[in-house]
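Engineer: Protein chains in written order, with this note's numbering: chain Z, 199 to 355; chain U, 199 to 355.
Calculated from the structure, these hints are not laboratory results. Being a predicted model, the structure only gives us computed values, none of them experimental. Idealized CB from N, CA, C, for every residue including glycine. Check before you lean on any hint, since a few could be wrong.
SDA-like, lysine to any residue: derived pairs with alpha carbons at most 25 Å apart [to be verified]:
| id | chain 1 | residue 1 | chain 2 | residue 2 |
| --- | --- | --- | --- | --- |
| 1 | Z | Lys305 | U | Gly215 |
| 2 | U | Lys313 | Z | Gln219 |
| 3 | U | Lys205 | Z | Arg267 |
| 4 | U | Lys205 | Z | Arg265 |
| 5 | Z | Lys305 | Z | Ser266 |
| 6 | U | Lys319 | U | Tyr245 |
| 7 | U | Lys284 | Z | Asn329 |
| 8 | Z | Lys272 | U | Lys325 |
| 9 | Z | Lys221 | U | Gly226 |
| 10 | U | Lys354 | Z | Asn224 |
| 11 | U | Lys298 | U | Pro220 |
| 12 | Z | Lys252 | Z | Lys280 |
Cβ pair distances, simulated, as ranges [said to hold, decoys possible]:
| id | chain 1 | residue 1 | chain 2 | residue 2 | range |
| --- | --- | --- | --- | --- | --- |
| 13 | Z | Ile235 | U | Ile207 | 31 to 39 Å |
| 14 | Z | Asn237 | U | Pro350 | 37 to 45 Å |
| 15 | Z | Thr349 | U | Asn224 | 21 to 29 Å |
| 16 | Z | Thr276 | U | Thr334 | 28 to 36 Å |
| 17 | U | Asn336 | Z | Lys343 | 42 to 50 Å |
| 18 | Z | Asn237 | U | Lys338 | 21 to 29 Å |
| 19 | U | Asn336 | Z | Thr349 | 39 to 47 Å |
| 20 | U | Ser266 | Z | Lys256 | 29 to 37 Å |
| 21 | U | Asn268 | Z | Val209 | 13 to 21 Å |
| 22 | Z | Glu248 | U | Asn268 | 20 to 28 Å |
| 23 | U | Asn268 | Z | Lys256 | 36 to 44 Å |
| 24 | U | Ile207 | Z | Gly303 | 27 to 35 Å |
| 25 | U | Asn336 | Z | Asn237 | 20 to 28 Å |
| 26 | U | Cys269 | Z | Arg265 | 22 to 30 Å |
Simulated coverage check for chain U against chain Z, where a stretch passes if three residues somewhere in it have a Cβ under 8 Å from a Cβ of chain Z [what the hints assert, rightly or not]:
| id | region |
| --- | --- |
| 27 | 230-237 |
| 28 | 254-268 |
| 29 | 285-293 |
| 30 | 324-331 |
2 protein chains.
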Amino acid sequence: MNLDFKKRISVEEVEEGKSLQPKFDNRGLIPVITVDINNNEILMHGYMNEEAFKLSMKSLEAHYWSRSRNCIWKKGETSGLKQIVKEIKIDDDQDCIIFKVELGGLKASCHVGYKSCFYRKLTMKNKEYTNILEFTENEKVFDPKKIYGDTPNPTKL
Amino acid sequence: MNLDFKKRISVEEVEEGKSLQPKFDNRGLIPVITVDINNNEILMHGYMNEEAFKLSMKSLEAHYWSRSRNCIWKKGETSGLKQIVKEIKIDDDQDCIIFKVELGGLKASCHVGYKSCFYRKLTMKNKEYTNILEFTENEKVFDPKKIYGDTPNPTKL
Numbered sequence: 199m200n201l202d203f204k205k206r207i208s209v210e211e212v213e214e215g216k217s218l219q220p221k222f223d224n225r226g227l228i229p230v231i232t233v234d235i236n237n238n239e240i241l242m243h244g245y246m247n248e249e250a251f252k253l254s255m256k257s258l259e260a261h262y263w264s265r266s267r268n269c270i271w272k273k274g275e276t277s278g279l280k281q282i283v284k285e286i287k288i289d290d291d292q293d294c295i296i297f298k299v300e301l302g303g304l305k306a307s308c309h310v311g312y313k314s315c316f317y318r319k320l321t322m323k324n325k326e327y328t329n330i331l332e333f334t335e336n337e338k339v340f341d342p343k344k345i346y347g348d349t350p351n352p353t354k355l
Numbered sequence: 199m200n201l202d203f204k205k206r207i208s209v210e211e212v213e214e215g216k217s218l219q220p221k222f223d224n225r226g227l228i229p230v231i232t233v234d235i236n237n238n239e240i241l242m243h244g245y246m247n248e249e250a251f252k253l254s255m256k257s258l259e260a261h262y263w264s265r266s267r268n269c270i271w272k273k274g275e276t277s278g279l280k281q282i283v284k285e286i287k288i289d290d291d292q293d294c295i296i297f298k299v300e301l302g303g304l305k306a307s308c309h310v311g312y313k314s315c316f317y318r319k320l321t322m323k324n325k326e327y328t329n330i331l332e333f334t335e336n337e338k339v340f341d342p343k344k345i346y347g348d349t350p351n352p353t354k355l
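The following block holds chain Z by itself, in its conformation from the complex:
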């Protein structure tokens, strides 16, 4: 199927139209929010280039652009933590995507071993948020050393 994206020439068409006209930033990337379709929990926040987006659309398996490795990254290729894309949403100005996914493998998504990458929240004190974090997931789903071995850690300082 032809998946070419139409050129963005009208704000009205971008916001109110039925034509997919995604906006990639100056790095050629668009952010993706990945959500567990079963409970709407946000699992991760990644990026896609045009090729990763089209691969996801065609294969129904989530593909991202790895900014740390500088390559297309088919989720689960190393870890088995695949994501089947059950729904794709796009926002008003078409510069952000949501993937609603069914988790494969160990039913987790985060390379640190937790289900979601968002396993910490900010604590509060005197009705303000502080810079001290609290864990919201108490146990890891898996041991990342067993799953990833010596693969370089994608987290950069």
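For this one, chain Z is given, so just place chain U on it according to the hints.
Structural biologist: What follows is chain U alone, placed relative to chain Z:
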């Protein structure tokens, strides 16, 4: 309260520690996913600079960085569509934030008039996603002309 962020010097501390060490990109921005705390629906995807983040932490009202207007943007200042920040989460490498919010005003978030900015999904054909969109919200919550008047539209081509 002192809200200064500690310097990122250890991947282990960033991923597994209890110290808030957010990473701002080369524009000085960090992405924020805003969620309705009542049903986990994703409302919008925005950005904050350090000042907007600290204002949100102190005031409990969502502040963003407007890339189109190039300024701090206190959500709801023009429209009344305020967001009270009930929970703040951060991801593994601390380069993305979630705001769980209680919506004020008309209980909507999107400048086009819908509740969520994600009011369209990709349709499917022959077990692939297509570049044709379908609306998932059938009615606007408000008329943007009445709320925003002549304010320039933030959507850019």
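Engineer: A separate judgement is required for each hint: does it hold in the structure or not?
Structural biologist: Here is how each hint holds up against the structure:
{"no.": "1", "hint": "Lys305/Z x Gly215/U", "result": "holds (24 Å)"}
{"no.": "2", "hint": "Lys313/U x Gln219/Z", "result": "holds (21 Å)"}
{"no.": "3", "hint": "Lys205/U x Arg267/Z", "result": "holds (24 Å)"}
{"no.": "4", "hint": "Lys205/U x Arg265/Z", "result": "holds (21 Å)"}
{"no.": "5", "hint": "Lys305/Z x Ser266/Z", "result": "holds (24 Å)"}
{"no.": "6", "hint": "Lys319/U x Tyr245/U", "result": "holds (23 Å)"}
{"no.": "7", "hint": "Lys284/U x Asn329/Z", "result": "holds (16 Å)"}
{"no.": "8", "hint": "Lys272/Z x Lys325/U", "result": "holds (19 Å)"}
{"no.": "9", "hint": "Lys221/Z x Gly226/U", "result": "holds (21 Å)"}
{"no.": "10", "hint": "Lys354/U x Asn224/Z", "result": "holds (14 Å)"}
{"no.": "11", "hint": "Lys298/U x Pro220/U", "result": "holds (18 Å)"}
{"no.": "12", "hint": "Lys252/Z x Lys280/Z", "result": "holds (17 Å)"}
{"no.": "13", "hint": "Ile235/Z x Ile207/U: 31 to 39 Å", "result": "holds (38 Å)"}
{"no.": "14", "hint": "Asn237/Z x Pro350/U: 37 to 45 Å", "result": "holds (38 Å)"}
{"no.": "15", "hint": "Thr349/Z x Asn224/U: 21 to 29 Å", "result": "holds (26 Å)"}
{"no.": "16", "hint": "Thr276/Z x Thr334/U: 28 to 36 Å", "result": "holds (34 Å)"}
{"no.": "17", "hint": "Asn336/U x Lys343/Z: 42 to 50 Å", "result": "holds (49 Å)"}
{"no.": "18", "hint": "Asn237/Z x Lys338/U: 21 to 29 Å", "result": "holds (28 Å)"}
{"no.": "19", "hint": "Asn336/U x Thr349/Z: 39 to 47 Å", "result": "holds (46 Å)"}
{"no.": "20", "hint": "Ser266/U x Lys256/Z: 29 to 37 Å", "result": "holds (32 Å)"}
{"no.": "21", "hint": "Asn268/U x Val209/Z: 13 to 21 Å", "result": "holds (18 Å)"}
{"no.": "22", "hint": "Glu248/Z x Asn268/U: 20 to 28 Å", "result": "holds (27 Å)"}
{"no.": "23", "hint": "Asn268/U x Lys256/Z: 36 to 44 Å", "result": "holds (38 Å)"}
{"no.": "24", "hint": "Ile207/U x Gly303/Z: 27 to 35 Å", "result": "holds (33 Å)"}
{"no.": "25", "hint": "Asn336/U x Asn237/Z: 20 to 28 Å", "result": "holds (24 Å)"}
{"no.": "26", "hint": "Cys269/U x Arg265/Z: 22 to 30 Å", "result": "holds (27 Å)"}
{"no.": "27", "hint": "230-237", "result": "holds (count 3)"}
{"no.": "28", "hint": "254-268", "result": "holds (count 4)"}
{"no.": "29", "hint": "285-293", "result": "holds (count 7)"}
{"no.": "30", "hint": "324-331", "result": "holds (count 8)"}
Checked against the numbered hints listed earlier, the structure breaks none of them; every hint is satisfied.
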